[in-house]
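Enquirer: Sequences are here, hints too, so could you generate the full structure?
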Amino acid sequence: MNYEAVIGLEVHVQLKTRSKMFTRVATGFGAAPNTLVDPVILGLPGALPVLNRHAIEQSIKVGLIFESTIPEVCKWDRKNYWYPDSPKNYQITQYDQPICVGGSVEIELPGAARNIMGEHRYIQLTRAHLEEDVGKLTHGDNDSLVDYNRAGTPLLEIVTEPVLTSAEEAVAFLNSLRMHLTAAGISDCDMEKGQMRCDANVSLRPIGSSVLGTRTEMKNLNSISGVKNAIEYEIRRQSRILERGGQVVQETRRWDADSGMSTAMRGKEDAHDYRYFPDPDLLPVRIPPATLQRLRAELPEAVFEQQRRYQSQYDLPYTLTSVICYDHHLSKYFEAAVAEYPEGAKGIANYVANELQRERSAAVGEGMLPMEQVKILPAQLAQLVRIVDGGKITKQNAKEVLSTMFATGADPVGIIRELGFDQTTDSSELESICREAVDANPVAAEQFRAGQAKALNSFIGPVMKATKGKGNPAVIQEILRRILAGQ
Amino acid sequence: MSIDISNSASVDIDHLAKLSRLQLAESEKFKLQGQLERILNHFRALEDVDVSGIEPTAHACDVVNIWDEDEVAEGLTPDQLETIAPAFRDRQIVVPKVVDDA
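Order-wise, the sequence lines are chains A and B.
Read in the numbering used here, the first sequence has 160 at position 160, and its numbers run on one by one without any break.
Read in the numbering used here, the second sequence has 1042 at position 42, and its numbers run on one by one without any break.
No lab work stands behind these hints, which were simulated from the structure alone.
All residues carry an ideal CB built from backbone N, CA and C; glycine is no exception.
Each hint can be trusted.
To give a feel for the contact side, a few chain B residues facing chain A, derived at Cβ under 10 Å:
#  : residue
1  : H1015
2  : L1019
3  : R1021
4  : T1057
5  : V1063
6  : N1065
7  : W1067
8  : E1071
9  : E1074
10 : G1075
11 : V1095
Listed below are the simulated EDC-like cross-link pairs for lysine to aspartate or glutamate, each with C-alpha atoms no more than 16 Å apart in a straight line:
#  : chain 1 : residue 1 : chain 2 : residue 2
12 : B       : K1097     : A       : D143
13 : A       : K392      : A       : D422
14 : B       : K1018     : A       : D273
15 : A       : K79       : A       : D273
16 : A       : K88       : A       : D281
17 : A       : K346      : A       : E335
18 : A       : K136      : B       : D1090
19 : B       : K1029     : B       : D1012
20 : A       : K470      : A       : D422
21 : A       : K468      : A       : D422
22 : B       : K1029     : B       : D1014
23 : B       : K1097     : A       : D141
Expert: Now the structure itself:
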């Protein structure tokens, strides 16, 4: 029998706030252990939580991006469990009245090739609820150590319906989530820093069946490749069990990226045992329609909508939009440059997606130089593209100008002058150089006159050499054609 | 007010003790189970109250949106933390070895 996978994801996203969810001590990654703690974080007697307004508004924005319903009222509950990563012995979360309900995330599956757009799908969301992150445990031989720096960081848990069907879709979902949330400044979604973490519920069922099979929950998926490999592993594992006539056991499994295998974890307390109840320390939140309006106005354009607009408005190919739109730093940069030179959108897009990326990559040993550190201002890039479009320097020379701009942050005009790239405008001088080139190569001249169009190239090299690369190739070709035609 | 004895609450004291991380002697279990069941049954009296037409609420106070702006305040210093931690090593709080299964 053939089986199909049914996958639901629970994605935890750390919100980018200065202070924690229920107290105002700072959030942060990489600080010395236990330096971001206060009585609320440690659950000391008498300490009371106070909501972080910004975290609530950021969470509402997530709902607005994905067209969730934002219920007028949401509230806070205690999820009780005993574990030292949570010193209160409960986690403050939202149980039956979450901040966002429903919605969907547009995803793009991998295309047939890198330069071909993949299929788009919408993944339905169940809900998103706001809660506090927990501390970090380090296990030793005889005891465990706890660092509470991470505890209390605002954490939005985004839950999908069980509608994904493959590891590729899960990866595409995470990528889409990351692109949208980083563009809106809601989270940095850096999985290496634990800012985005994923659990996956996986089950199999006979193809065409509408009944869900027994599911397992995969935990510890802390990288994109981890998500992909763990889901693929689990689909293989479950199909082997079912093919042998066995039954999948409902359990939680831990993914081990090093061995590429998952193992069953000890039995989890069921939902009933968490003994959820409303937190008496915290009052509900009521969101008036005016707040939703204000927050909606602050949202950036949705990633794929922007991409479709660039394709229709600027006639940009997928190879450019998939670089620019999928990285909000680049799309913001592009927008700023286009504002300076609206007719040059296509040229600007080319420089942003190709030359600038190449310079950023060459500037550092690994990865890319962060856009914040790029010295070329969008207006300066627009200026360079305007000069190139005006035929004042060659594209080849423009690359060198861009490199110098990248290194120094200077204006293109000054660099062009310094490098001597101002194109020879003296047409009589250019004409005599062209004539010399034609006279020096009668064989090629004859070939060209006999109809071999390519023979024209034989003259361009010597002319460029004589003009020290300053000649505009289009102008040179025009002059050469005229001379060869005997005019 | 009446309590339906035939439908009275029953408490799984072993399960509750496990969730609470309490070690109870048999005599304590017997005593606490009876007490907890009496407490729960006492609260069943609420089931007799007519709540039709009353809007459900999560909180006794009719107040919402008590929040702070996202501005950072001072926390505890490591020295302060060390004085209140039961055990402290490498700037971290030492706890009995736990299996990471949460």
